[in-house]
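Chemist: Listed below are the residues making up each chain.
There are 2 protein chains.
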Amino acid sequence: MRAEIISVGTELLLGQIVDTNAAFLSRELAALGIDLYHRTTVGDNPERLRQAVEDALSRAELVITIGGLGPTTDDLTKEVVAQVLGLELVLDQPSLARMEAYFRQLGRKMTENNYKQAFIPAGGQALPNLHGTAPGVAVRWKERLVVCLPGPSHELEPMFRDYVRPLLQTGQNGVIFSRVLKISGRGESAVAEEIADLLAAQTNPTIAPLASPGEVKLRLTARAASTAAAEELITGMEARIRERLGLAVFGVDDETLEEVVVRLLAGRRETLAVAESCTGGLLAGQLTEVPGASAVFERGVVTYSNRSKVELLGVPEEVINTYGAVSAEVARSMAAGIREQAGTDWGIGITGIAGPGGGTAEKPVGLVYVGLEGPAVSLVKKLNFPGSRQIVRRRTVQTALDLLRLELLTKHR
Amino acid sequence: MRAEIISVGTELLLGQIVDTNAAFLSRELAALGIDLYHRTTVGDNPERLRQAVEDALSRAELVITIGGLGPTTDDLTKEVVAQVLGLELVLDQPSLARMEAYFRQLGRKMTENNYKQAFIPAGGQALPNLHGTAPGVAVRWKERLVVCLPGPSHELEPMFRDYVRPLLQTGQNGVIFSRVLKISGRGESAVAEEIADLLAAQTNPTIAPLASPGEVKLRLTARAASTAAAEELITGMEARIRERLGLAVFGVDDETLEEVVVRLLAGRRETLAVAESCTGGLLAGQLTEVPGASAVFERGVVTYSNRSKVELLGVPEEVINTYGAVSAEVARSMAAGIREQAGTDWGIGITGIAGPGGGTAEKPVGLVYVGLEGPAVSLVKKLNFPGSRQIVRRRTVQTALDLLRLELLTKHR
Numbered sequence: 001m002r003a004e005i006i007s008v009g010t011e012l013l014l015g016q017i018v019d020t021n022a023a024f025l026s027r028e029l030a031a032l033g034i035d036l037y038h039r040t041t042v043g044d045n046p047e048r049l050r051q052a053v054e055d056a057l058s059r060a061e062l063v064i065t066i067g068g069l070g071p072t073t074d075d076l077t078k079e080v081v082a083q084v085l086g087l088e089l090v091l092d093q094p095s096l097a098r099m100e101a102y103f104r105q106l107g108r109k110m111t112e113n114n115y116k117q118a119f120i121p122a123g124g125q126a127l128p129n130l131h132g133t134a135p136g137v138a139v140r141w142k143e144r145l146v147v148c149l150p151g152p153s154h155e156l157e158p159m160f161r162d163y164v165r166p167l168l169q170t171g172q173n174g175v176i177f178s179r180v181l182k183i184s185g186r187g188e189s190a191v192a193e194e195i196a197d198l199l200a201a202q203t204n205p206t207i208a209p210l211a212s213p214g215e216v217k218l219r220l221t222a223r224a225a226s227t228a229a230a231e232e233l234i235t236g237m238e239a240r241i242r243e244r245l246g247l248a249v250f251g252v253d254d255e256t257l258e259e260v261v262v263r264l265l266a267g268r269r270e271t272l273a274v275a276e277s278c279t280g281g282l283l284a285g286q287l288t289e290v291p292g293a294s295a296v297f298e299r300g301v302v303t304y305s306n307r308s309k310v311e312l313l314g315v316p317e318e319v320i321n322t323y324g325a326v327s328a329e330v331a332r333s334m335a336a337g338i339r340e341q342a343g344t345d346w347g348i349g350i351t352g353i354a355g356p357g358g359g360t361a362e363k364p365v366g367l368v369y370v371g372l373e374g375p376a377v378s379l380v381k382k383l384n385f386p387g388s389r390q391i392v393r394r395r396t397v398q399t400a401l402d403l404l405r406l407e408l409l410t411k412h413r
Numbered sequence: 001m002r003a004e005i006i007s008v009g010t011e012l013l014l015g016q017i018v019d020t021n022a023a024f025l026s027r028e029l030a031a032l033g034i035d036l037y038h039r040t041t042v043g044d045n046p047e048r049l050r051q052a053v054e055d056a057l058s059r060a061e062l063v064i065t066i067g068g069l070g071p072t073t074d075d076l077t078k079e080v081v082a083q084v085l086g087l088e089l090v091l092d093q094p095s096l097a098r099m100e101a102y103f104r105q106l107g108r109k110m111t112e113n114n115y116k117q118a119f120i121p122a123g124g125q126a127l128p129n130l131h132g133t134a135p136g137v138a139v140r141w142k143e144r145l146v147v148c149l150p151g152p153s154h155e156l157e158p159m160f161r162d163y164v165r166p167l168l169q170t171g172q173n174g175v176i177f178s179r180v181l182k183i184s185g186r187g188e189s190a191v192a193e194e195i196a197d198l199l200a201a202q203t204n205p206t207i208a209p210l211a212s213p214g215e216v217k218l219r220l221t222a223r224a225a226s227t228a229a230a231e232e233l234i235t236g237m238e239a240r241i242r243e244r245l246g247l248a249v250f251g252v253d254d255e256t257l258e259e260v261v262v263r264l265l266a267g268r269r270e271t272l273a274v275a276e277s278c279t280g281g282l283l284a285g286q287l288t289e290v291p292g293a294s295a296v297f298e299r300g301v302v303t304y305s306n307r308s309k310v311e312l313l314g315v316p317e318e319v320i321n322t323y324g325a326v327s328a329e330v331a332r333s334m335a336a337g338i339r340e341q342a343g344t345d346w347g348i349g350i351t352g353i354a355g356p357g358g359g360t361a362e363k364p365v366g367l368v369y370v371g372l373e374g375p376a377v378s379l380v381k382k383l384n385f386p387g388s389r390q391i392v393r394r395r396t397v398q399t400a401l402d403l404l405r406l407e408l409l410t411k412h413r
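The listed protein sequences correspond, in order, to chains A and B. Under the numbering used here, the first residue of the first sequence carries the number 1, and numbering increases by one thereafter. Under the numbering used here, the first residue of the second sequence carries the number 1, and numbering increases by one thereafter.
Some clues are possibly wrong.
Same chains, same label: a pair holds when it works inside one copy or across any pair of copies.
With a straight-line cut-off of 30 Å between C-alpha atoms, the simulated DSS-like cross-links for lysine-lysine are [as the list claims (entries may be wrong)]:
(1) K381 to K217
(2) K109 to K217
(3) K217 to K116
(4) K363 to K109
(5) K109 to K382
(6) K109 to K381
(7) K142 to K116
(8) K363 to K381
Hint data in this document are derived by calculation from the structure and do not stem from the laboratory.
Chain A extracted, bound-state conformation (with noise of 0.2 Å):
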């Protein structure tokens, strides 16, 4: 089956709203294994709506509506439904009980304008709302269904489920399953070519490669008769993709680098206390940001004069004043010195210019030093990131984490 969905609202054509409801019901329509090939937003204009509505019963078998359900004069796309499908419009007894109870609970009196969301177009179904007043509507008109579902989310997502997800999986055969694998240290051109031949023959899993900054992800989508049959397709294509990548994919799904990384230190008993320059706090906030953190991460120093590295780290002057404040050699007494304060296993130190100053021709805007002291383990990494200020300490972050992630991982077991 075929579907298209309409999004109504000139708020959203104002961008004053995101619209989640079109990725909630793209994403349910998915795992019903129903095709999604089109989306469209209007604002509250009939013609545009008509229109719109029109388009999407030519190409497909089932048309969702979302918004413009509400009891205000620009809520009009259950009256140009009904004109599109040459209906009526009649008053749903349910419906109108339904809302007049719900003002009497609100101890509200029930206003004029609400009886037209009462109104559906003949031979309908309505769908009760059971968090607001406008009910939905789902007509069936020449082999197609149209559904037209209430714009508020808490409204939209009860509804789906309960009235418009059965109606749907009724006469559909197979399903959708997706899984994201998440890559570190490589760029998406880099990923692609490693696994091109895969991309090139990818039919069903499909491949759908997505760079944001610091990882590429890998969107591996299976159809199949059930989610068991679609996941063990998955899994295949998952086994040949690590072949390549190895130890680069990090994660599955929503994991996060940092997510990744307290649990290999928690798994291991192991803490971690980090020292920070230009990064400034963002790897401490990024660590913490896992709930339990706690039980790895024991503390972080923000040093950003070079006093308080001195003072706060014992880096020696002199090493700064000889190799200056960005140099491996600052970066390696950071971590070391962070380690030794804080009596943890692992320490990271990070020193470089973020940018928009700060640069010079031999130490140009971009220069990064990470330092990663731990058991047995003693490296600094020379990064050079072009970008913004905010790219360079955003992917400074990433590559920290990954560079303690590939320790734990290959490492003194």
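With chain A held as given, fit chain B onto it using these hints.
Modeler: For chain B alone, coordinates are given in the frame of chain A:
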């Protein structure tokens, strides 16, 4: 001018990502006074993308595509647009050079598949990508303008601001001038009530409230013959709003709370050091996001363990034992400790329960104490935020920054 936005990407139709780019561009177009009547989303499918581009060109003078500019084989937007416009794809040397430099700086080898990103429709203008590899494109064609932007938001947003917005501002007759007032310490509904009459009477400028965690934005948009005239309309309305909201208006346009705080401190030649527990470095990270923060931010510590609070900040163990680590006394002691240790004018101390675990009946998740120590100031604010660990941490940072801002603005001049 009429515009349409076409979002390209199967991941959108699978609901695996929410289309925040479309909302961003919608806001920007609205601010420019450009009418947006349709938004369409299609997958990585050349045939449906071609149809979408043709439909958009038949209805609008400005067509903006999002996504599909990357190096992989499913990135087809430029190819399809060139085909629809009947243009060849030609190599853009500056884009190629920029990409090569990007990879050189990263110390990575530029892989073969990257080259396709340097090709643009003949006669088009390449839009430099300062935060990634894929350049954007702007092509004028039959009184129309077609703009292709990359999918990653951190690439799309600066590219739009730096290169597309200027293109669109020229050729608009009459100008639209827009200013955003940023408000802290109040909810959206409270702000709306305080200016209810202004909202009700809005015509030119219009007033659009927009809420985001910890702050409320009011976007004033005026249309006039000249920028000067439009700016005058804005300034008049801004004055009336500031009369109502006073110091709650902390900034204008893209100005962030941390930028304001850094600017105020720099203006007074005063310095700051911070000690964080539950926010785990986010406050320091946010302050050091500001270029030149080093002039005012001396150091920060993330004292996640009790031991680190004692060792690094000199918080008396008996205070922790008597009142608990999450208490007004500990927050005050942390602020005083970091201020004294760093020898700064101001010290901030934060302790709280971000959750999801760790809450009790008398100290629930969301309970946070912020201590502020400064010249002739010593105060502790008790907060209680609802919501997730992330929200509690974010709002704590916003509140701490605002607390210092108000002290800097109102006292000790």
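Chemist: Check each numbered hint against the structure and report the violated ones by number, ascending.
Modeler: none
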